[in-house]
Amino acid sequence: MLTKEDLAKYPFLKKASEYIESLNLSIDDFTDKYDDIVERALERVKFAIDGKLIKVDLYDPEKEILSYAVALALIYGLKDAWLIRRFANNEQKLYYEMLITEDNYKIIEIAKDGFNWDLELIEDNFIIPVEQFLEIAPRFQAREWKLINSLLDKGKVYLKKVKIARLISEAVKNKIIKKSEEEEIKRLKLPEKLLYKAEVVKSKIERKEIKEEYKEIYTPIKEDLPPCISYLIKEMKSGKAITHMARFTVTSFLLNIGMSVEEVLEYFRNVADFNENKTRYQIQHIAGMIGSKIRYLPPKCEVLKSFGICVEPNELCKKIKHPLQYYKIMRKKKNEKI
Amino acid sequence: MKKYDLVLQEFKKYYKHLSEEELFIKDLNKREIAIVPFENDIMIRHMSFNDLKSLKEYIEKNTPLHLYYSSAYYKEPHATDMNVKGWEGADLIFDVDADHIPTNCKVDHDKWICRNCNFQGIGHAPENCPNCGEKKIESISWICENCLNIAKEEVFKLIDEYLIPDFGVKIGEIEICFSGHRGYHIHVLSENFKKLSSDGRREIVDYVKGIGLEPRLHGFKIGSNGSIIGPDPKDPGWKGRIARVFYEYINKCTLEELEKVIGKKAEIIIKNREKILEDIMSNPSSWTRLKKVGIGNIVKIINIAIRDILCNIDERVTIDIKRLIRYPNSLHGKTGLKVCRLSYNDLEKFDPLKDSIVFRSGEIKIYVKEIPKIRIGDYEIGPIKDKEIEVPKSLGIYLLCKGVAELLS
Ligand code: SF4
Ligand SMILES: [Zn+2]
Ligand SMILES: [Zn+2]
Numbered sequence: 002m003l004t005k006e007d008l009a010k011y012p013f014l015k016k017a018s019e020y021i022e023s024l025n026l027s028i029d030d031f032t033d034k035y036d037d038i039v040e041r042a043l044e045r046v047k048f049a050i051d052g053k054l055i056k057v058d059l060y061d062p063e064k065e066i067l068s069y070a071v072a073l074a075l076i077y078g079l080k081d082a083w084l085i086r087r088f089a090n091n092e093q094k095l096y097y098e099m100l101i102t103e104d105n106y107k108i109i110e111i112a113k114d115g116f117n118w119d120l121e122l123i124e125d126n127f128i129i130p131v132e133q134f135l136e137i138a139p140r141f142q143a144r145e146w147k148l149i150n151s152l153l154d155k156g157k158v159y160l161k162k163v164k165i166a167r168l169i170s171e172a173v174k175n176k177i178i179k180k181s182e183e184e185e186i187k188r189l190k191l192p193e194k195l196l197y198k199a200e201v202v203k204s205k206i207e208r209k210e211i212k213e214e215y216k217e218i219y220t221p222i223k224e225d226l227p228p229c230i231s232y233l234i235k236e237m238k239s240g241k242a243i244t245h246m247a248r249f250t251v252t253s254f255l256l257n258i259g260m261s262v263e264e265v266l267e268y269f270r271n272v273a274d275f276n277e278n279k280t281r282y283q284i285q286h287i288a289g290m291i292g293s294k295i296r297y298l299p300p301k302c303e304v305l306k307s308f309g310i311c312v313e314p315n316e317l318c319k320k321i322k323h324p325l326q327y328y329k330i331m332r333k334k335k336n337e338k339i
Numbered sequence: 011m012k013k014y015d016l017v018l019q020e021f022k023k024y025y026k027h028l029s030e031e032e033l034f035i036k037d038l039n040k041r042e043i044a045i046v047p048f049e050n051d052i053m054i055r056h057m058s059f060n061d062l063k064s065l066k067e068y069i070e071k072n073t074p075l076h077l078y079y080s081s082a083y084y085k086e087p088h089a090t091d092m093n094v095k096g097w098e099g100a101d102l103i104f105d106v107d108a109d110h111i112p113t114n115c116k117v118d119h120d121k122w123i124c125r126n127c128n129f130q131g132i133g134h135a136p137e138n139c140p141n142c143g144e145k146k147i148e149s150i151s152w153i154c155e156n157c158l159n160i161a162k163e164e165v166f167k168l169i170d171e172y173l174i175p176d177f178g179v180k181i182g183e184i185e186i187c188f189s190g191h192r193g194y195h196i197h198v199l200s201e202n203f204k205k206l207s208s209d210g211r212r213e214i215v216d217y218v219k220g221i222g223l224e225p226r227l228h229g230f231k232i233g234s235n236g237s238i239i240g241p242d243p244k245d246p247g248w249k250g251r252i253a254r255v256f257y258e259y260i261n262k263c264t265l266e267e268l269e270k271v272i273g274k275k276a277e278i279i280i281k282n283r284e285k286i287l288e289d290i291m292s293n294p295s296s297w298t299r300l301k302k303v304g305i306g307n308i309v310k311i312i313n314i315a316i317r318d319i320l321c322n323i324d325e326r327v328t329i330d331i332k333r334l335i336r337y338p339n340s341l342h343g344k345t346g347l348k349v350c351r352l353s354y355n356d357l358e359k360f361d362p363l364k365d366s367i368v369f370r371s372g373e374i375k376i377y378v379k380e381i382p383k384i385r386i387g388d389y390e391i392g393p394i395k396d397k398e399i400e401v402p403k404s405l406g407i408y409l410l411c412k413g414v415a416e417l418l419s
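So the sequences go chain by chain: A and B.
With my numbering as the guide, the letters of the first sequence map in order to residues 2 to 339.
With my numbering as the guide, the letters of the second sequence map in order to residues 11 to 419.
These aren't lab readings, by the way, just hints derived from the structure by calculation.
Since this is a predicted model, take the numbers as computed values, not measurements.
For lysine to aspartate or glutamate, the following EDC-like pairs were computed, each having C-alpha atoms within a straight-line distance of at most 20 Å:
no., chain 1, residue 1, chain 2, residue 2
1, B, Lys205, A, Glu277
2, A, Lys147, B, Asp245
3, B, Lys244, A, Glu124
4, A, Lys113, B, Glu201
5, B, Lys95, A, Asp274
6, A, Lys147, B, Glu224
7, B, Lys332, A, Asp274
8, A, Lys279, B, Glu325
9, A, Lys155, B, Glu201
10, B, Lys219, A, Asp154
11, B, Lys85, B, Asp61
12, B, Lys95, A, Glu183
13, B, Lys162, B, Glu185
14, B, Lys205, A, Glu132
15, A, Lys147, B, Glu171
16, B, Lys219, B, Asp318
17, A, Lys5, A, Asp114
18, A, Lys16, A, Asp104
19, B, Lys332, A, Glu277
20, A, Lys279, B, Glu98
21, B, Lys121, B, Asp107
Listed next, the stretches of chain A that the computed footprint assigns to chain B, with coverage defined by at least 3 CB atoms under 8 Å from CB atoms of chain B:
no., region
22, 129-140
23, 151-165
Positions of the beta carbon are idealized from the N, C-alpha and C atoms, including for glycine.
Let the sequences and hints guide you as you build the complete structure.
Here it is, written out as structure tokens:
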């Protein structure tokens, strides 16, 4: 049985959303009332952006459940893809930490209610139907998560507790991000007051974040990019389809300055013929995760010139032979100034 | 398009006599249907039919050179806009095709040419042109008994070694189709796999092709006393498979072969071969005798030993969740052979070069440009070049469809 305390710990569960629905509240109700819940929701947002794990307050489960829903509304309402991702990442970590210490039978219930997964326990292994495993596992890059490196017998994958915890928590993250792409969520408008409060929290944290966590999630600064790359990014943002060579150039460039596959993927979202799976596959290929297992470098300037990708080369371009070189020089200059 | 007159006529007759039951597919009303008509090579897509009767009527009226249906189920299969179409799932499909298996006999019957530089060769077509490096290879391939036998073995391997034991697929959920040319399609109709994403299907492809396998993740450990702990041949999945292929390989290999894989340490294994094999098969399995050989070398051996048990499938077909695929019991427009639908139990005795023939009576006169030795049914001819001959209708239509012959009189 899932108790109210469980729902407070795992507010992503269907039972939790059913509970919220039964209250028949809308986000507008939180403008003037339920200040404590809004406070808690803002705290959740703040923690998430800070990359800290919130401590669940089991003395007031209702508040926890509701504040989670409000926090999600705030995150979606801010309409900031980076923030949503960040929030989702943090939620993943939070549930992972809680799940690894959870009772086995509880984990089975959580997986069933949250994702309709049919887990069973065999000795100290969980087993999960392979098709359910494959809903999430391909998102992980580590080799131990490949199906071929898992134990598969009669349609069931055997997983240790830590891996089940990882799988479930990743499914939560996935759900949060997927949901943000739904039309209804895209249309969501926060009441002025709430939006303002959320903006305040967001603005406070962002400034701090850039210094601290620049490695993990990082958007390259526009001025650091060579003209060819910024031009292509601009084209992609405006929704134009770009040539194969151009795709390859941008992708390999962004990967080589340290962006992840998922981050690079975001750049392609607006492109006219965007197909998420196909694009992800291509990026993974260029990253050397699949296929030839070679991590590709972007082509040299000379090659880019012959493909017509070199546009408006500037002074610095005259001194370099490779677009990555451009980027390195720019980064170095910046560091010297600081 | 004179050469097609006879073919069209015969195809038309075939479809007229085809029963509705033979056209049965699961959830027809959710599938996209497509044809390539005789008049031109342009595919007509996005058709849908509510029942077998209307489909039968349509193909009787518009004889297809090729007939396809979607592996996917759609909310509105006739819609052209993918968002409106509404993907609801897809069968899990594997394509085993001699085109993707490098068989020895290909040098006798296949040719290829690079459309970029005209460089030519015989046998299994390379992916890139060895002369100019372009990927514009066009192959001229022929149906061959040996190739088809090898393809059949691949189908059995996929089903017996992977789909049933590891994936838990039931025999009744498997439908096999002879493609009407050089291979087979295996359809897994189970509800379980219907919703799988392309990424999920790729993992299944990698699983049966052995891509990304890390033997170390399958139970190899160093014990506290420095001994090696390894998988048991009786273990399920890749874990057991690794132990079994290792066993098989060691059982058969020569010292020279093994030396090529792991160098000097090969001697240790060959000297103690009997005991090592006994240990691996004993209960519980023991790998201790391989301590001096080391896990690194064991892994090297495994990576060589698994080659024979990997499935030669065309991964593109499996990961494509919106694939158009040949309609069961339709005719392949490049051969005139029937896309035979088979159950698992039918497969063993199925002879594609006999059982897929539909035009059984009569002879026709044709002019043949050039063909290697080929067999259709009990009739064998070739190699011949530049000749007028009279042949059984089935063979004649095959050559006409292939575009290597012309109809006379
Ligand atoms: S010179 Fe190189 S870095 Fe500069 S714009 Fe051209 S291609 Fe890009
Ligand atoms: Zn060439
Ligand atoms: Zn052959």
